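**Student:** Chain residues, written in single-letter form:
2 protein chains.
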Amino acid sequence: MFADINLTENKPIYTQIHDYIKEMIKTGMLPHGSKLPSTRELSKIINVSRNSIMKAYETLEDDELVYTIKGKGTFVSDVKIILEDKWTIDWINNINDYALKSDKLDIIKTEKKYKKGMISFKSIAPDGSLFDMEEFKRAFSSRISMEREKILNYGYAQGYKPLIDYLMEYMESKGVNTTNKDILITNGFTEGFDIVLSSLTKKGDKLLCENPTHNTALKIMKLQGLDIIGVDMNEDGLDISKLKSSLNDNDIKIAYLVPSYHNPTGIVTSSEKRQEIYNILKNHNIPIIEDGFNEELLHLGSHIAPIAAFCGEGNGVIYIGSFSKILFPGMRIGWILGDKKLIDILESVKRSKNIHTSFLDQALLYEYLKNGGFDKYLKKARKFYKDKYTLAVKLATKYIPCESIVGDGGLHIFIKLKNIDSRELLNECYKKGVLFLPGDIFSTNNQGKNTFRLGFSRVSDEDMEKGFKIIGECIKDLSINNLYNNK
Amino acid sequence: MFADINLTENKPIYTQIHDYIKEMIKTGMLPHGSKLPSTRELSKIINVSRNSIMKAYETLEDDELVYTIKGKGTFVSDVKIILEDKWTIDWINNINDYALKSDKLDIIKTEKKYKKGMISFKSIAPDGSLFDMEEFKRAFSSRISMEREKILNYGYAQGYKPLIDYLMEYMESKGVNTTNKDILITNGFTEGFDIVLSSLTKKGDKLLCENPTHNTALKIMKLQGLDIIGVDMNEDGLDISKLKSSLNDNDIKIAYLVPSYHNPTGIVTSSEKRQEIYNILKNHNIPIIEDGFNEELLHLGSHIAPIAAFCGEGNGVIYIGSFSKILFPGMRIGWILGDKKLIDILESVKRSKNIHTSFLDQALLYEYLKNGGFDKYLKKARKFYKDKYTLAVKLATKYIPCESIVGDGGLHIFIKLKNIDSRELLNECYKKGVLFLPGDIFSTNNQGKNTFRLGFSRVSDEDMEKGFKIIGECIKDLSINNLYNNK
Numbered sequence: 001m002f003a004d005i006n007l008t009e010n011k012p013i014y015t016q017i018h019d020y021i022k023e024m025i026k027t028g029m030l031p032h033g034s035k036l037p038s039t040r041e042l043s044k045i046i047n048v049s050r051n052s053i054m055k056a057y058e059t060l061e062d063d064e065l066v067y068t069i070k071g072k073g074t075f076v077s078d079v080k081i082i083l084e085d086k087w088t089i090d091w092i093n094n095i096n097d098y099a100l101k102s103d104k105l106d107i108i109k110t111e112k113k114y115k116k117g118m119i120s121f122k123s124i125a126p127d128g129s130l131f132d133m134e135e136f137k138r139a140f141s142s143r144i145s146m147e148r149e150k151i152l153n154y155g156y157a158q159g160y161k162p163l164i165d166y167l168m169e170y171m172e173s174k175g176v177n178t179t180n181k182d183i184l185i186t187n188g189f190t191e192g193f194d195i196v197l198s199s200l201t202k203k204g205d206k207l208l209c210e211n212p213t214h215n216t217a218l219k220i221m222k223l224q225g226l227d228i229i230g231v232d233m234n235e236d237g238l239d240i241s242k243l244k245s246s247l248n249d250n251d252i253k254i255a256y257l258v259p260s261y262h263n264p265t266g267i268v269t270s271s272e273k274r275q276e277i278y279n280i281l282k283n284h285n286i287p288i289i290e291d292g293f294n295e296e297l298l299h300l301g302s303h304i305a306p307i308a309a310f311c312g313e314g315n316g317v318i319y320i321g322s323f324s325k326i327l328f329p330g331m332r333i334g335w336i337l338g339d340k341k342l343i344d345i346l347e348s349v350k351r352s353k354n355i356h357t358s359f360l361d362q363a364l365l366y367e368y369l370k371n372g373g374f375d376k377y378l379k380k381a382r383k384f385y386k387d388k389y390t391l392a393v394k395l396a397t398k399y400i401p402c403e404s405i406v407g408d409g410g411l412h413i414f415i416k417l418k419n420i421d422s423r424e425l426l427n428e429c430y431k432k433g434v435l436f437l438p439g440d441i442f443s444t445n446n447q448g449k450n451t452f453r454l455g456f457s458r459v460s461d462e463d464m465e466k467g468f469k470i471i472g473e474c475i476k477d478l479s480i481n482n483l484y485n486n487k
Numbered sequence: 001m002f003a004d005i006n007l008t009e010n011k012p013i014y015t016q017i018h019d020y021i022k023e024m025i026k027t028g029m030l031p032h033g034s035k036l037p038s039t040r041e042l043s044k045i046i047n048v049s050r051n052s053i054m055k056a057y058e059t060l061e062d063d064e065l066v067y068t069i070k071g072k073g074t075f076v077s078d079v080k081i082i083l084e085d086k087w088t089i090d091w092i093n094n095i096n097d098y099a100l101k102s103d104k105l106d107i108i109k110t111e112k113k114y115k116k117g118m119i120s121f122k123s124i125a126p127d128g129s130l131f132d133m134e135e136f137k138r139a140f141s142s143r144i145s146m147e148r149e150k151i152l153n154y155g156y157a158q159g160y161k162p163l164i165d166y167l168m169e170y171m172e173s174k175g176v177n178t179t180n181k182d183i184l185i186t187n188g189f190t191e192g193f194d195i196v197l198s199s200l201t202k203k204g205d206k207l208l209c210e211n212p213t214h215n216t217a218l219k220i221m222k223l224q225g226l227d228i229i230g231v232d233m234n235e236d237g238l239d240i241s242k243l244k245s246s247l248n249d250n251d252i253k254i255a256y257l258v259p260s261y262h263n264p265t266g267i268v269t270s271s272e273k274r275q276e277i278y279n280i281l282k283n284h285n286i287p288i289i290e291d292g293f294n295e296e297l298l299h300l301g302s303h304i305a306p307i308a309a310f311c312g313e314g315n316g317v318i319y320i321g322s323f324s325k326i327l328f329p330g331m332r333i334g335w336i337l338g339d340k341k342l343i344d345i346l347e348s349v350k351r352s353k354n355i356h357t358s359f360l361d362q363a364l365l366y367e368y369l370k371n372g373g374f375d376k377y378l379k380k381a382r383k384f385y386k387d388k389y390t391l392a393v394k395l396a397t398k399y400i401p402c403e404s405i406v407g408d409g410g411l412h413i414f415i416k417l418k419n420i421d422s423r424e425l426l427n428e429c430y431k432k433g434v435l436f437l438p439g440d441i442f443s444t445n446n447q448g449k450n451t452f453r454l455g456f457s458r459v460s461d462e463d464m465e466k467g468f469k470i471i472g473e474c475i476k477d478l479s480i481n482n483l484y485n486n487k
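Sequence lines, in order, name chains U and L. Residue 324 in full-length UniProt numbering sits at position 324 of the first sequence, and the numbers go up by one each step. Residue 197 in full-length UniProt numbering sits at position 197 of the second sequence, and the numbers go up by one each step.
Treat the hints as calculated values from the structure; they're not laboratory data. Just to be clear, a hint being listed does not mean it is correct.
Identical chains blur together in the list; that is why a pair holds if it fits in one copy or across any two.
Unchecked claim - Straight-line Cα separation of at most 30 Å, BS3-like style, residue types lysine-lysine; simulated pairs: (1) Lys72 with Lys379; (2) Lys341 with Lys242; (3) Lys202 with Lys101; (4) Lys341 with Lys115; (5) Lys416 with Lys398; (6) Lys137 with Lys370; (7) Lys161 with Lys112; (8) Lys340 with Lys101; (9) Lys282 with Lys469; (10) Lys116 with Lys394; (11) Lys386 with Lys72; (12) Lys242 with Lys206; (13) Lys112 with Lys137; (14) Lys383 with Lys398; (15) Lys282 with Lys386; (16) Lys150 with Lys383; (17) Lys253 with Lys383; (18) Lys150 with Lys380; (19) Lys380 with Lys70; (20) Lys253 with Lys101; (21) Lys253 with Lys466; (22) Lys476 with Lys376; (23) Lys432 with Lys398; (24) Lys466 with Lys282.
Keep in mind the model is a prediction, meaning the values are calculated, not measured.
From just these sequences and the hints, can you work out the full model?
**Tutor:** This is the structure in structure tokens:
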């Protein structure tokens, strides 16, 4: 840029150089701390005497626009950059409906916030203290020494091949027939679901799901502009007669189901019921997106295969898996298993969204899984969360007056209250330092106002007891108030 | 599920148990390798004599549906699961326009593929052998020992705080005023651009950009259904008079610019021209998305500030940065710097797309950057790629007959041919084992048919000479043919 100085004859050379550099500094083109060329260099570049340059630099220094460090050179000072007028765009009025909705539906922003010292039952993130860090470090050393710098360079949109192969076998071990199927690695379940919906549905399409359902999935459906047909649940899962009438009354494009430790109810749908639901949807030719949520916590002996296992060589089920609900959620790794041709298309969608999921993370996860770290971890995690669940049910039964406590295990239980609004309850609990997620955020039709979810995965046994007690007391207070107000 | 057996009185108990389990195996509900309850357990569960269970298991074994391992238990054999009829969905006719376009615009699928032994100038990925793996391993050890399992659990949508702080300072060092601005971490440039466009634009909106331009950016614009207004480039960047007339003729919503080592032309826009472009767009109140592509390869002494530096406390420029074009692209880390309120909205969009970018990767990159690994690397990389660039220009001048060789450095040069179609040239070169990207894929209006991009970052000096020579020979052959055909 210094070569661009146009020197004229009617002003001293050094003044022209001074003014030129001053202009560059004042407009921010020469930022604070940047180094000017040496006087010798500049004199060569613009072909004027070194004396003129030195004089120009001296006057710049007098103006406090630059400073010199002996033996190092001349640098731009911290000058307030002068701009004639600030260019201000009203971004909030420039964002589109999608962004606006993303903001409005963001429960991190809208729900009550955790403050230090509170007891929070909001989260269903795993307890990190169960992670085997030594095993993870070993996985790093061993994978890095094998892959070297390759693992830090660009990879493939579909995913890290060894991980894909591992997951194909893993799905086979769950009873899924992988003939003519393939896997796409995604940034967790959320991206998997977003990719599937944004590739298969159009605004206004009808999607059938359980009511209530996973709030993040619900958000993505709403962002895609889908017409959400929620089917109520009984204590053993979907209400089959309601499912049938919903299918008869609506032209459903696709179904979304969470058969294991359903979020938020915690219900595990039995094999028989899975088969029944599968058959009904198959007979209506409605493809199923199965959310493999927390399936890994099912005890090995339970023999409950995913819905995807029922379709054999058929391709009507898209399975979205993720270990991240119980293992390393910070790495954001999930997968979509489905028809080979469909996965090939989704791979291009993935590529256009963010090229691929971190190859480093995929390789580390693969190494960790293949070395048996996962099996060891699962054994520990199943026991840990089962104990927590048993305690949660026991304590909820003891302390929380309610209509029902639902949930078969996993990382949360679901409470239905008698004639009490869970938002009112939350307000009272919050004052006493206890937090949970009210049920309305999981509802497809703005119901569930007397329900709430209690995540217990990261709460100590002591805090669980303390927290449940407070919830119970707040319920009693509200009941008395209600009674009083109704009189 | 075993508890669900309904035993009747008109058939032997063991036959009923046998049939029930057989049915579960045949339908896939009991997958291959899963373990049956022990005879003792099952006799308790369904309350029948252990003898009946043993007999049932024996007949199942006779049918080869299960096998017994002494001391371990009874397991399900590898049985072909029988499904009455295969449920087949024609997925390709079920995908929407977005997915269809993603597939069609995916140059990994549409362009000629690399085969072993070929010389490929397609890629502008960095040369991984420059990565300092020892430094990276140190970054892992040190960050993991500090953050422990925390870094593997859920993080925040905006990003890893230390990395955000580091990047804010980094942008300040480039002369950007960060007052009332903030940063969102994304999965590389691609996701950053996708998030910005999908939050700010609507189908049919007019986007102004350089013509030609970055093909991935072009793909994302097309996927968003934007009306792309390309402005032709001169050898020093945008043609200013064409920029002005485009602005006068069109109601432009937003502009996208690549001022450094522009992809595909390799042009670095001068500071003066950046200022001029900035002023013109500002006067039209057209927000600018600045792609910081390969800016890190600019020599420190060049003092070329990003366009974002010109707006001071103003908020008209959204800057998307990424180290990943030269460092660790496999980790997919980029960032959006812009108005604080806008970033707050984009954070929710990011959260709804994939919760957050891998916290492990962000923490590792942060550690690597802060320990000075990046500065050391940049010094080495700048020298390495500058030498490669100098050689590329020298060899192209020597071997490739053409109208012009464009590019100021970086990882690629751009060739304009005289009356030769670059796809025809590619066909010929491919036969001789040489690959490059034809210019039409970078064009906003289906032009550039006589241009192509040569990426040299991962090609050895010997292969570069060999490859360029072959390209030159093919051009000569085509010229002779053209001459002959025109006679």
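**Student:** Next step is simple, just say for each hint if it's right about the structure.
**Tutor:** Hints versus structure:
1. Taking the shortest alpha-carbon separations for lysine 72 and lysine 379, only the inter-copy value of 18 Å comes in at or below 30 Å, while the best intra-copy value is 61 Å.
2. Taking the shortest alpha-carbon separations for lysine 341 and lysine 242, neither the intra-copy value of 33 Å nor the inter-copy value of 44 Å comes in at or below 30 Å.
3. In this assembly of identical chains, the alpha carbons of lysine 202 and lysine 101 lie at most 30 Å apart whether taken from the same copy (17 Å) or from different copies (14 Å).
4. For the homomeric pair lysine 341 and lysine 115, the shortest alpha-carbon distance between copies (23 Å) is at most 30 Å, but the shortest distance inside one copy (48 Å) is not.
5. Taking the closest pair of Cα atoms, lysine 416 and lysine 398 come within 30 Å of each other only inside a single copy of the chain (15 Å); across copies the shortest separation is 79 Å, beyond that limit.
6. In this homomeric assembly, lysine 137 and lysine 370 come within 30 Å of each other (Cα to Cα) both inside a single copy, at 14 Å, and across copies, at 22 Å.
7. With identical chains, the CA atoms of lysine 161 and lysine 112 are at most 30 Å apart between copies only, with a shortest distance of 22 Å across copies and 42 Å within one.
8. Taking identical chains as interchangeable, the C-alpha atoms of lysine 340 and lysine 101 lie at most 30 Å apart only when they sit on different chains, with a minimum of 18 Å there against 33 Å within one chain.
9. When the C-alpha separation of lysine 282 and lysine 469 is checked against a cutoff of 30 Å, the pair qualifies neither within a copy, at 46 Å, nor between copies, at 60 Å.
10. In this homomeric assembly, lysine 116 and lysine 394 come within 30 Å of each other (Cα to Cα) only inside a single copy, at 27 Å, whereas the closest approach across copies is 63 Å.
11. Within a single copy, lysine 386 and lysine 72 get their C-alpha atoms only as close as 65 Å, which misses the 30 Å cut-off; across copies the closest is 24 Å, which meets it.
12. In the homo-oligomer, the alpha carbons of lysine 242 and lysine 206 lie at most 30 Å apart inside one protomer (16 Å), although the nearest pairing across protomers, at 47 Å, exceeds that limit.
13. In the homo-oligomer, the alpha carbons of lysine 112 and lysine 137 never lie at most 30 Å apart, since the shortest distance is 36 Å inside one protomer and 40 Å across protomers.
14. Proximity of lysine 383 and lysine 398 under a CA criterion of 30 Å is satisfied intra-copy only: 23 Å inside one chain copy versus 71 Å between copies.
15. With identical chains, the CA atoms of lysine 282 and lysine 386 are never at most 30 Å apart, being 34 Å at best within one copy and 60 Å at best between copies.
16. In this homomeric assembly, lysine 150 and lysine 383 come within 30 Å of each other (Cα to Cα) only across copies, at 22 Å, whereas the closest approach inside a single copy is 38 Å.
17. When the C-alpha separation of lysine 253 and lysine 383 is checked against a cutoff of 30 Å, the pair qualifies neither within a copy, at 39 Å, nor between copies, at 56 Å.
18. For a Cα distance limit of 30 Å, the shortest separation of lysine 150 from lysine 380 across copies, 19 Å, qualifies, whereas the shortest one inside one copy, 34 Å, does not.
19. In this assembly of identical chains, lysine 380 and lysine 70 lie within 30 Å of each other by CA distance solely across copies; the values are 26 Å between and 63 Å within a copy.
20. Proximity of lysine 253 to lysine 101 under the C-alpha cut-off of 30 Å is found in both arrangements, the shortest distances being 23 Å within a copy and 21 Å between copies.
21. Taking the shortest Cα distances, lysine 253 and lysine 466 never come within 30 Å of each other, neither inside one copy (46 Å) nor across copies (55 Å).
22. For a Cα distance limit of 30 Å, the shortest separation of lysine 476 from lysine 376 qualifies neither inside one copy, at 43 Å, nor across copies, at 65 Å.
23. Proximity of lysine 432 to lysine 398 under the C-alpha cut-off of 30 Å is restricted to the intra-copy arrangement: shortest distance 19 Å within a copy versus 79 Å between copies.
24. In the homo-oligomer, the alpha carbons of lysine 466 and lysine 282 never lie at most 30 Å apart, since the shortest distance is 47 Å inside one protomer and 58 Å across protomers.
The structure does not agree with the numbered hints 2, 9, 13, 15, 17, 21, 22, 24 stated previously, though it agrees with the rest.
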